[in-house]
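Chemist: One line per chain: the protein sequences are A and B, in this order. Counting from 905, one number per residue, gives the positions in the first sequence under the working numbering. Counting from 40, one number per residue, gives the positions in the second sequence under the working numbering.
Quick caveat, the hints were computed from the structure, so don't treat them as lab data. In this text, a Cβ means the ideal position worked out from N, Cα and C, and glycines have one as well. A portion of the hints provided could be inaccurate.
[Said to hold, decoys possible] Label pairs and their computed distance ranges (CB to CB): (1) A/Arg-1066 with B/Lys-113: 41 to 47 angstroms; (2) A/Ile-966 with B/Lys-113: 15 to 21 angstroms; (3) B/Leu-66 with A/Tyr-1061: 41 to 47 angstroms; (4) A/Asn-1095 with B/Gln-191: 47 to 53 angstroms.
So you can see what is in the structure, the chains are spelled out below.
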Amino acid sequence: MARNKRAIPEINAGSMADIAFLLLIFYLVTTTMDTDKGINRKLPPWDEEIIEDPPIIKERNIFTVLVNSNDQLLVEDEYIEISQLREKAMEFIDNNGDGSCTYCKGFKIPTSADNPDKAVISLQNDRGTSYGMYVKVQNELVAAYEDLREKYAEEEYGKSYRGMDPKEDKDIIKEIKTAYPQKISEAEPLNIGG
Amino acid sequence: MAVIKKKKDKALPAVNTSALPDIVFMLLFFFMVATVMREVDLKVSVNKPQATEIQKLERKSLVTYIYAGSPRAKFQDKFGRSPRIQLNDAFATIDDVQSFVVQEREKKSEEDRPMMTMSIKADKSVKMGLISDIKLQLRKAQALKINYSSLQPKDVDALYSSEN
Chain A
905 MARNKRAIPE
915 INAGSMADIA
925 FLLLIFYLVT
935 TTMDTDKGIN
945 RKLPPWDEEI
955 IEDPPIIKER
965 NIFTVLVNSN
975 DQLLVEDEYI
985 EISQLREKAM
995 EFIDNNGDGS
1005 CTYCKGFKIP
1015 TSADNPDKAV
1025 ISLQNDRGTS
1035 YGMYVKVQNE
1045 LVAAYEDLRE
1055 KYAEEEYGKS
1065 YRGMDPKEDK
1075 DIIKEIKTAY
1085 PQKISEAEPL
1095 NIGG
Chain B
40 MAVIKKKKDK
50 ALPAVNTSAL
60 PDIVFMLLFF
70 FMVATVMREV
80 DLKVSVNKPQ
90 ATEIQKLERK
100 SLVTYIYAGS
110 PRAKFQDKFG
120 RSPRIQLNDA
130 FATIDDVQSF
140 VVQEREKKSE
150 EDRPMMTMSI
160 KADKSVKMGL
170 ISDIKLQLRK
180 AQALKINYSS
190 LQPKDVDALY
200 SSEN
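Next comes chain A alone, as it looks inside the complex:
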């Protein structure tokens, strides 16, 4: 009876904090917080055979971007800086040469693209081009499309394209993407300044 009357001694939880700290430090050390971000692209499928007659695209509908091994840009036979590339590309895509694009604001220059659907950006780099420059050029070209889509979304729907929810505004996004389809073609790199 005397034994039963005695209270159960409390478990000493003083070292619990130490154990928790140990685990905490382990997770702190092994953790990487960086979220992975980057430019999404799609590669063309590989084909052993060379396509016999590639589709003919009119010269005016091709926007050529060349990058040499010194990371210099040649756009439409003209030497430009990277900061001008986005604007040039936007002018080209939005040109509306044949007048079929009702929402375009281009200058209708006869030597530039017919409409956004026909406009193709052709990118070719050298094997000696730096990866950093390549990503920058890609970034500017993607940004040119995104900026045009942004403008279009503002006018047609009165809201920001970049701020749209991929699930809720699924149809709108699809519609905008068909208005300005992203057509960036990459040629095999040259090996001049490799």
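Go by the hints and put chain B onto chain A.
Modeler: Then chain B, alone, in the frame of chain A:
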């Protein structure tokens, strides 16, 4: 006098630390949830390029990484300084890329396979020759969804300056 003496006799009460484990556990759970285990030891130095039009990579389980850059200082006497490819934990050659992709694809479940994304984590000073070779191998391996891993620049104008 008696009053003062009485005060001196009292010992300072111990600070109650019983809530400490709770706080630590809270932190612990946060890190456990937010953590992504570091899968590989980087053997190449990767200074990512900067870009503004970047998208977040959803679902880490679908992403496979290919690293490219010059070997880190401690590997330089063995592997030299010229840029190399790293797959998983080891240096690799360009011919290994295709079989690596096939192997990684096998690991993923059937329905996830078409959604597999290859993330290219390359140093910005790497020449495009190497990247083009990787891209060609990826095309041959039918891994067509790629992502050029880049960072959001803190200052957008810095993107156009010549140093970066």
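Chemist: Decide, hint by hint, whether the structure agrees.
Modeler: Evaluated hints:
Taking 41 to 47 angstroms as the suggested C-beta distance range, the pair A/Arg-1066 and B/Lys-113 conforms, at roughly 43 angstroms. Taken as a hint, the range 15 to 21 angstroms is violated for the pair A/Ile-966 and B/Lys-113, whose Cβ atoms sit roughly 48 angstroms apart. For the hinted restraint 41 to 47 angstroms between B/Leu-66 and A/Tyr-1061, the CB-CB distance of approximately 44 angstroms keeps it satisfied. Taking the beta carbon of each, A/Asn-1095 and B/Gln-191 are about 33 angstroms apart, not inside 47 to 53 angstroms as hinted.
Violated hints, in rising order: 2 and 4; the structure is consistent with all others.
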